[in-house]
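**Q** Each chain, written out:
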Amino acid sequence: MSLPIIWWVALLLLAVQLVLWKSRAGTFLWTLVSCFSFWVFLRFGFTVPVPQSVISLYMGIALLAAAAYVTSSRDRLEGFTGPLVRLCTEPARRPLLYAVVLLLPALAAFAVYRQMNVKLEAPAFGRTIHPAPPDSITVHDKALNLTTLDNPYRTLEKSDPPAFASHVANGRRVYYENCFYCHGDALRGDGMYIHGLNPIPTNFADAGAIALLQESFIFWRISKGGPGLPEEGGPWDTAMPAWEKFLTEEEMWDVTLFLYEFSNQRPRAREGVHE
Amino acid sequence: MSARGVLVLLTVLAAGAAPAAAQTEPPPGGALYQKLCSQCHGEKGDGNGIAAPRLMPRPRDFTTGKFKIRHTPSGALPTDDDLRKIIREGMPYTSMPPWPQLSDQQVDELVAAVKSFSPDFANPERKPVPITIPKAPAYSEESAKKGKEVYARIGCPACHGEIGRGDGPSAPGLKDDAGYFIRAADLTKRWTYRGGPTREDIYRTFTTGVNGTPMPSFAESLTDEERWQLVDYIVSLDGREDPGYAELVQVQWTTDDIALEAPDKARELFASAAAAYFPVVGQITEPGRAFHPSANGVTVKAIYNARDIAFLVTWHDMRADVSGHNAPDLPVPPEEDKGEVAADPADEGGGFFGEEEVTEEASADDFFGEEEGTADAGTESEFSDALALQFPATLPTGARKPYFLFGDAQNPVDLWFVDLAKKVATRYKGAGSDSLTLEEGEDVTAVASYDKGEWSVILKRSLRATGGVTFAESQYVPVAFSLWDGAQRERGNKRGLTRWMYLYTMPRETPSPLWPMLRAAFIVLVVEILLIVWVRRRQTPVSPVGQEG
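Going down the list, the protein sequences come from chains C and R.
Counting along the first sequence from 1, when you hit position 186 you're at 185 in numbering that gives the first Met the number 0, and nothing is skipped either side.
Counting along the second sequence from 1, when you hit position 13 you're at 12 in numbering that gives the first Met the number 0, and nothing is skipped either side.
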């Protein structure tokens, strides 16, 4: 039941191919159904919808491939054009011919109607999710070099576990007093305010988020928030506060520890240094 | 504190004194409860977690054995299924989130944890017996009409308001059993119902009551038929089951004159304009935070003609606060910024209601009383209700917009502010939350009215006015909204707001699709006929029989 959608669609289309093969379908029918199947696969086979422009591109390639296949031999070409020619010429198929002749213009008119009644949408702008941090920042009048900065309490993990645990506990307090409204109870970026936000808050539970970042990056994002983002990060839209206005330096480091501890992740080690 | 609570406390103390014992003794409720739930519901299940002081409604105190959403009679304990459902699905628009990521086994573990905090669950005499909800009859307009009478007869308007907007005369004074302010549900917004939006959910809520709150059970006083009538009336209050949040409001072209001298007539001009419903959340980015603002949504319509642009902004507010004053730059003291919800309104400094709030006695008297008069009659608040529309001071050319919280130094915003005590619009230039300057001249005009729990404000500005944003045909303009509820002491940064949304000034004339449609159809038809003729010509020498005379 939990099979990804792509497999369901692929299985369905394979079944269609099997039916065509069993029923000895001609080249015409096969080409038509295969092109349509390919479109179905692109349109419905993916959980994250494929953009229309990409679908058009792939469909263009598919149609070229179909044309190459059909014209690759005289037999195939005849197999393809045969049904069309019979449709145009045989008196017995006249009703079908009339239906097709009327249906295609109606479809064209409908497509134009759809195009002219596209739902108005707010303009969308891209933004960089992990923008490059500055070399240094100043937090609470203290200059910090981000390229060499480490979490000062990280070493306690080995040297003094109870002290480390109390820093994590303090980070937990900071998180549930301040952060969970947006980043969520289980750090999944699904807090109670997200329906009012765009961009949506980071999901810390995602393996592709904080595990790929150093703690100094997290500290920069927490202390400087949305207003501290460079231009490509779209600082004007994000609701992330500059937490230096509310929290001490220690609280910001502690909440960083908590993010990793709660989600069972490790910060990315600095290249060429320990670990 | 219950006997179990004392025991738990002793256990914790003992564990602290003897670390060896702590190794073997599991924490109250188990490790999963402690990791996922204790931050709000408390390590001892008493609803006093780290996050609790800033939450509204407050997290459940499991030691009391009182649970809101149940399939069991008033005052009874919930069934395990009731608890499972709340853990799985959460309570919308509260800080109780859904937990879809947990396994069935983990949910059962948490149900057991919740039950472990109250000795009531171990009492065989209190074993919960669920009520049965009969199959819902089909919705009908007549039933809804009769439901309106039921609604009035059993006293719903006292808290929920005449047409369900949560603005009854008793609403501002409501408190839960622990003495915290609790908001009567806005029945017109089904998506915010804590126990779910379906007709069965509504039936269940007023049949079983909401334990620990002023919402009573109507199990004895209503026949089954009357209950479904009441359900149908509540459903009929607003057709939407989900909010359908918008990101864009269409500014409709009109040839009519936009005159605010006759507000009712001005309101009619908006009849054909499309309504956009935007989500409102608390301002929690800048100091002076509002963790739980009064408003959770704002409806906007907009029109323009050759001379003016006008906005009709409506939102629900349980009481019109039209005394005192308000401004976007009023300071909020740092103590209040902590956002703590006072338990007893008598000693609150920065709580949800000021000293002017309706007294407890009044709420008790009014509860099932006549719903004459409104809550705002005779109440004076220090801060008035207010509204602001925010535009970029100059139209952005690319992605760059001003900072969504009143702009920034490089990209200022144009703020149209209406203090609803004065009902006069002013304009501010915003270069950040701490840098607002009042603009000269009163070129934005406004009219405002409050009716049955809803503010309705029209703002108008000349398209030729100088300074601030300009509007032209077929143009996207960023827009954001701020709402202040004086009763909740919202002012300055403490407010509800939307992020940047867009408005689009619709073209004066919408081209008809008819001609382009006909043209496309005609072209396809001609191509078809040419193709058929060509095929037949080519086939003729090969199979002349195929062609008819």
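Treat the hints with caution; some may be incorrect.
The following label-pair restraints were derived from C-beta to C-beta distances [unchecked claim]:
hint, chain 1, residue 1, chain 2, residue 2, range
1, R, ARG306, C, PRO50, 53 to 63 Å
2, R, LEU529, C, GLU231, 20 to 30 Å
3, C, LEU28, R, LEU529, 48 to 58 Å
4, C, LEU11, R, GLN538, 50 to 60 Å
5, C, LEU28, R, PRO395, 21 to 31 Å
6, C, GLU231, R, GLN33, 36 to 46 Å
7, C, ALA206, R, LEU31, 48 to 58 Å
8, R, GLN538, C, LEU102, 17 to 27 Å
9, C, GLU231, R, ARG306, 52 to 62 Å
10, R, SER455, C, ALA98, 51 to 61 Å
Pairs of lysine to any residue residues, derived as SDA-like cross-links and limited to a Cα-Cα distance of at most 20 Å, are as follows [stated by the list, open to error]:
hint, chain 1, residue 1, chain 2, residue 2
11, C, LYS118, R, ALA274
12, C, LYS118, R, LYS34
13, R, LYS337, C, MET58
14, R, LYS34, C, ASP236
15, C, LYS244, R, THR254
16, R, LYS400, C, LEU196
17, R, LYS400, C, PRO122
18, C, LYS244, R, TYR449
19, R, LYS422, R, LEU311
20, R, LYS428, R, GLY323
21, R, LYS34, C, PRO122
22, C, LYS118, R, PRO242
23, R, LYS400, C, TYR259
24, C, LYS244, R, SER432
25, C, LYS118, R, SER432
26, R, LYS337, C, LYS118
27, R, LYS428, C, TYR259
28, R, LYS84, C, ASP189
29, R, LYS400, C, GLU249
30, C, LYS118, R, TYR244
31, R, LYS114, R, SER102
32, C, LYS244, R, SER434
33, R, LYS400, C, GLU243
34, R, LYS400, C, ASP189
35, R, LYS34, C, PRO161
Read the hints as simulated data drawn from the structure, not as lab findings.
For clarity, every value in this text was computed on a predicted model and none was experimentally measured.
We put the CB at the ideal spot given by N, CA and C, even for glycine.
**Q** Each hint should be assessed against the structure and marked as holding or not.
**A** Now the hints, each set against the structure:
1. R:ARG306 - C:PRO50: 53 to 63 Å: violated, 42 Å
2. R:LEU529 - C:GLU231: 20 to 30 Å: violated, 53 Å
3. C:LEU28 - R:LEU529: 48 to 58 Å: Violated, since LEU28 (chain C) and LEU529 (chain R) (Cβ atoms, about 25 Å apart) do not stay within the stated range.
4. C:LEU11 - R:GLN538: 50 to 60 Å: violated, 38 Å
5. C:LEU28 - R:PRO395: 21 to 31 Å: violated, 53 Å
6. C:GLU231 - R:GLN33: 36 to 46 Å: Given a distance of about 41 Å, which is inside 36 to 46 Å, the answer is holds.
7. C:ALA206 - R:LEU31: 48 to 58 Å: Roughly 21 Å apart at Cβ, these two residues miss the hinted range, so it is violated.
8. R:GLN538 - C:LEU102: 17 to 27 Å: With a Cβ separation near 23 Å, GLN538 (chain R) and LEU102 (chain C) satisfy 17 to 27 Å, so the hint holds.
9. C:GLU231 - R:ARG306: 52 to 62 Å: Check failed, 40 Å falls outside 52 to 62 Å.
10. R:SER455 - C:ALA98: 51 to 61 Å: Holds, since SER455 (chain R) and ALA98 (chain C) (Cβ atoms, about 55 Å apart) stay within the stated range.
11. C:LYS118 - R:ALA274: holds, 14 Å
12. C:LYS118 - R:LYS34: violated, 45 Å
13. R:LYS337 - C:MET58: violated, 57 Å
14. R:LYS34 - C:ASP236: violated, 32 Å
15. C:LYS244 - R:THR254: The hint is violated at about 50 Å.
16. R:LYS400 - C:LEU196: holds, 16 Å
17. R:LYS400 - C:PRO122: Measuring from Cα to Cα gives roughly 12 Å; hence the hint holds.
18. C:LYS244 - R:TYR449: Since the Cα atoms of LYS244 (chain C) and TYR449 (chain R) sit roughly 38 Å apart, the hinted pair is violated (cutoff 20 Å).
19. R:LYS422 - R:LEU311: The given pair, whose Cα atoms are some 14 Å apart, holds under the 20 Å limit.
20. R:LYS428 - R:GLY323: violated, 23 Å
21. R:LYS34 - C:PRO122: It is violated: about 41 Å lies between the C-alpha atoms, which goes past 20 Å.
22. C:LYS118 - R:PRO242: This hinted pair holds, its Cα atoms lying about 18 Å apart.
23. R:LYS400 - C:TYR259: Distance ~33 Å between LYS400 (chain R) and TYR259 (chain C) Cα, so the pair is violated.
24. C:LYS244 - R:SER432: holds, 13 Å
25. C:LYS118 - R:SER432: violated, 35 Å
26. R:LYS337 - C:LYS118: Distance of about 43 Å is beyond 20 Å: violated.
27. R:LYS428 - C:TYR259: violated, 42 Å
28. R:LYS84 - C:ASP189: OK: LYS84 (chain R) and ASP189 (chain C) at ~19 Å, within 20 Å.
29. R:LYS400 - C:GLU249: violated, 33 Å
30. C:LYS118 - R:TYR244: Between LYS118 (chain C) and TYR244 (chain R) the Cα gap is close to 14 Å, so the pair holds against 20 Å.
31. R:LYS114 - R:SER102: Holds - the C-alpha atoms of SER102 (chain R) and LYS114 (chain R) are around 19 Å apart, at most 20 Å.
32. C:LYS244 - R:SER434: Within the cut-off at roughly 17 Å; holds.
33. R:LYS400 - C:GLU243: Given that 20 Å is the threshold and the Cα spacing comes to 24 Å, the pair is violated.
34. R:LYS400 - C:ASP189: violated, 25 Å
35. R:LYS34 - C:PRO161: holds, 18 Å
Of the numbered hints listed earlier, those contradicted by the structure are 1, 2, 3, 4, 5, 7, 9, 12, 13, 14, 15, 18, 20, 21, 23, 25, 26, 27, 29, 33 and 34.
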